Amino acid sequence: MIDLQLTALLLSPLLGGLLLAAFGSRRWAAELNSLMSFLTFAAAVALTVRVVEAGPQVAFKEQFFIDQFNVFLVALTAFIAFTTSLFSRPYMRIEQEHGKLSTPMLHLYYSMYQFFTLAMLVALTTNNMGIIWVAMEAATLTTVLLVSLYRTPASLEAAWKYFILCGVGIALALFGTILLYFAAERVLGQGGTALLWTHLNQVKGELEPTVLKLAFIFLLVGYGTKIGLVPLHSWLPDAHAEGPTPVSAVLSGLLLNVALCAVMRCKVLVDGSLGTDSTGGTDFTVGADFTGGTHFAGNLMMGFGLLSVVVAALFLSRQKDIKRMFAYSSIEHMGLITFAFGMGGKVATFAALLHMTMHSLTKSAIFFAVGHAVQKAGTQQMENIRGMMQISPTVGWGLMLGTFAILGMPPFGVFASEFLIITTAMHDYPWTTPILLVALGIAFASIFGKVQPIVFGETNARRLPHQPALLPVFAHLLLVLILGLYMPPYLADWYRQAAALLG
Amino acid sequence: MSYTIQFINLLAAILLLIVFAMLSQRRILSLINLFAWQGLVLTISTFVVAYSTAQHHLYYSAALTLLLKVLVLPWLLHRLIRKLNVRWDVETLINIPTTMLVGIALVIFAFNLAAPISQLAEGITRGLIGIALASVLLSLLMMLTRRKAISQVVGFLAMENGLFFAATSATHGMPLVVELGIALDVLVATFIFGIFFFQIRETFDSLDITHMEKLKDD
Chain A
1 MIDLQLTALL LSPLLGGLLL AAFGSRRWAA ELNSLMSFLT FAAAVALTVR
51 VVEAGPQVAF KEQFFIDQFN VFLVALTAFI AFTTSLFSRP YMRIEQEHGK
101 LSTPMLHLYY SMYQFFTLAM LVALTTNNMG IIWVAMEAAT LTTVLLVSLY
151 RTPASLEAAW KYFILCGVGI ALALFGTILL YFAAERVLGQ GGTALLWTHL
201 NQVKGELEPT VLKLAFIFLL VGYGTKIGLV PLHSWLPDAH AEGPTPVSAV
251 LSGLLLNVAL CAVMRCKVLV DGSLGTDSTG GTDFTVGADF TGGTHFAGNL
301 MMGFGLLSVV VAALFLSRQK DIKRMFAYSS IEHMGLITFA FGMGGKVATF
351 AALLHMTMHS LTKSAIFFAV GHAVQKAGTQ QMENIRGMMQ ISPTVGWGLM
401 LGTFAILGMP PFGVFASEFL IITTAMHDYP WTTPILLVAL GIAFASIFGK
451 VQPIVFGETN ARRLPHQPAL LPVFAHLLLV LILGLYMPPY LADWYRQAAA
501 LLG
Chain B
1 MSYTIQFINL LAAILLLIVF AMLSQRRILS LINLFAWQGL VLTISTFVVA
51 YSTAQHHLYY SAALTLLLKV LVLPWLLHRL IRKLNVRWDV ETLINIPTTM
101 LVGIALVIFA FNLAAPISQL AEGITRGLIG IALASVLLSL LMMLTRRKAI
151 SQVVGFLAME NGLFFAATSA THGMPLVVEL GIALDVLVAT FIFGIFFFQI
201 RETFDSLDIT HMEKLKDD
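Chains as they are written, first to last, in the numbering used here: chain A, 1 to 503; chain B, 1 to 218.
Since the hints were derived computationally from the structure, they do not count as laboratory data. Being a predicted model, the structure only gives us computed values, none of them experimental. Accuracy of the hints is not assured; some may be wrong.
[Claimed, not checked] Below, a list of computed lysine-lysine pairs in the BS3-like style, where the Cα atoms sit at most 27 angstroms apart:
hint, chain 1, residue 1, chain 2, residue 2
1, B, Lys83, A, Lys450
2, A, Lys320, B, Lys83
3, A, Lys450, A, Lys320
4, A, Lys450, B, Lys214
5, A, Lys320, A, Lys100
Using the sequences and the accompanying hints, generate a full structural model.
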């Protein structure tokens, strides 16, 4: 049974949020935040061990469902939420000393940080497609006030855009969920079970393909807004650039993954429904103008993914703000992952899961390093940040190595996953390979060309008075490096099982 | 039975009319009142569906709708515009005839999109999905065309109403736990919108979001 682990997993951020809502302005609030995040992480590890041993399980009257796919995301989410809380403790204190944040704002930040973790974990572990929606909306609601934490005109604008766009997007996802329920109700009957993913998965072959197709379009567009897929991405660079750095790190490293997880859950159902359709030979009216009955969901995801990779790569070179640039890099990588999931098949899905892990670890590490660089330079404009290596070798190396890693340089794990994705694309969809390679090349040139002077340029600024706390950066990068050099067999096996579940 | 179907169809038509009225309404106060009326129509239709299909949990949904969308949310919005002193504000920038034409096109699009689903539906749901989708899209249009923060929020809430109508009419209501979750999210969202209004006005001295179009890629 996993009831105990699951309860601990969801209870610790809930408790943390409530405690920090009460005591968030005390001096030890940051430590409490880290402690609660650590407890969450410990529970996630226990849950992971249990599920890897015993296989997929349901809990609490089937309201929660854990399999190899989502437990891997739970572990990743809890780990990065924990390291980000470690990073944010000194970072937010310095922001406070600089007078950019007041104690009530920090109070709000700590409390919302825990509730945000809770929302993501609920979205990942729930078995109910309706509750996924509720949790995704809750994740938006908890972060929207964090994006506007600095109360500058730009941050307010970013937060408003985030709120409205994601609100609209998520509303479309709700319509998709309603359509899904409409189809499910005809098979499973009235009542609570018709939205439970495990039940839907069992009868997915009997679900009405016409309805599921339409539902998937709405769900993909809706949750795709959250993933930051082009052309629904316009909130993402603003929110990442204007919010506090720890928030950018968790938005980019975690929230996008969670939204993608929701899409994948839907894709499994749609694929199942359409798979029977192509063999059963029933006619479908909507299907006439979509190519390929079975690959409908995959093709849509590939299209959105490819578009995101290309557009993000083109936008990268035009960025002047360092956090904005890395936000576009997130769009690019999420596009790549969506594309890989869309291709389907064991290898591509394996690569996509691996890339999800690598991107989350690397991108949050980069945001940590960027946070310190920006704090020192006092600006996010890249032309004014110079000579990080002279100011603080730790920050400089963190930023440089992180950039190498995210650009897919060989020893790091991102290389392995990108290599797998591109070779699979070469094999299954050869025409996409040149597009992907050119986009990745442009991204490489743009990011490297901009980070290099930031790290190695000349500066008159003095050395950093205090040693920056960048342990999380190097811990993340070390993990990415190790996984790039050597993938332990049990971990590879775990990824393979997860990939098999998604098909 | 056929009377209830006709009655629900009538309510659906009224719902669509109200969305069109909202689309063309320039005064913020009237907009909020229209939103409350929309909530009332929604309550009645949920109640009628509950009665005719004997789905008991829909009675709770109807009560929840009455409480949240007819009483609490409009009251909150009224309070907000009184505190923000924008009670008599009129929006100037919208081109109503064009918006109406785009709206009509959207309705046709929604009906076409929903046509294959309507064929599957039995009983009272036929045709209602189209109307629900149309009102969702029209609310979306309203959010796009408006320049005042409050009208955008009313558009957001109206969109949620359209979705709720789809849920009750097409599927006889989602499971209660999901509906409660959605209601909670909407309530919290409205509170956060309220906080935002004050922050926006403090920073920009106005609730016009035209001031907030500075973040662009150049």
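For each hint, the structure was consulted:
1. Lys83(B) - Lys450(A): violated, 48 angstroms
2. Lys320(A) - Lys83(B): Status violated; Cα separation ~40 angstroms.
3. Lys450(A) - Lys320(A): Distance ~9 angstroms between Lys450(A) and Lys320(A) Cα, so the pair holds.
4. Lys450(A) - Lys214(B): holds, 24 angstroms
5. Lys320(A) - Lys100(A): holds, 22 angstroms
The structure does not agree with the numbered hints 1 and 2 stated previously, though it agrees with the rest.
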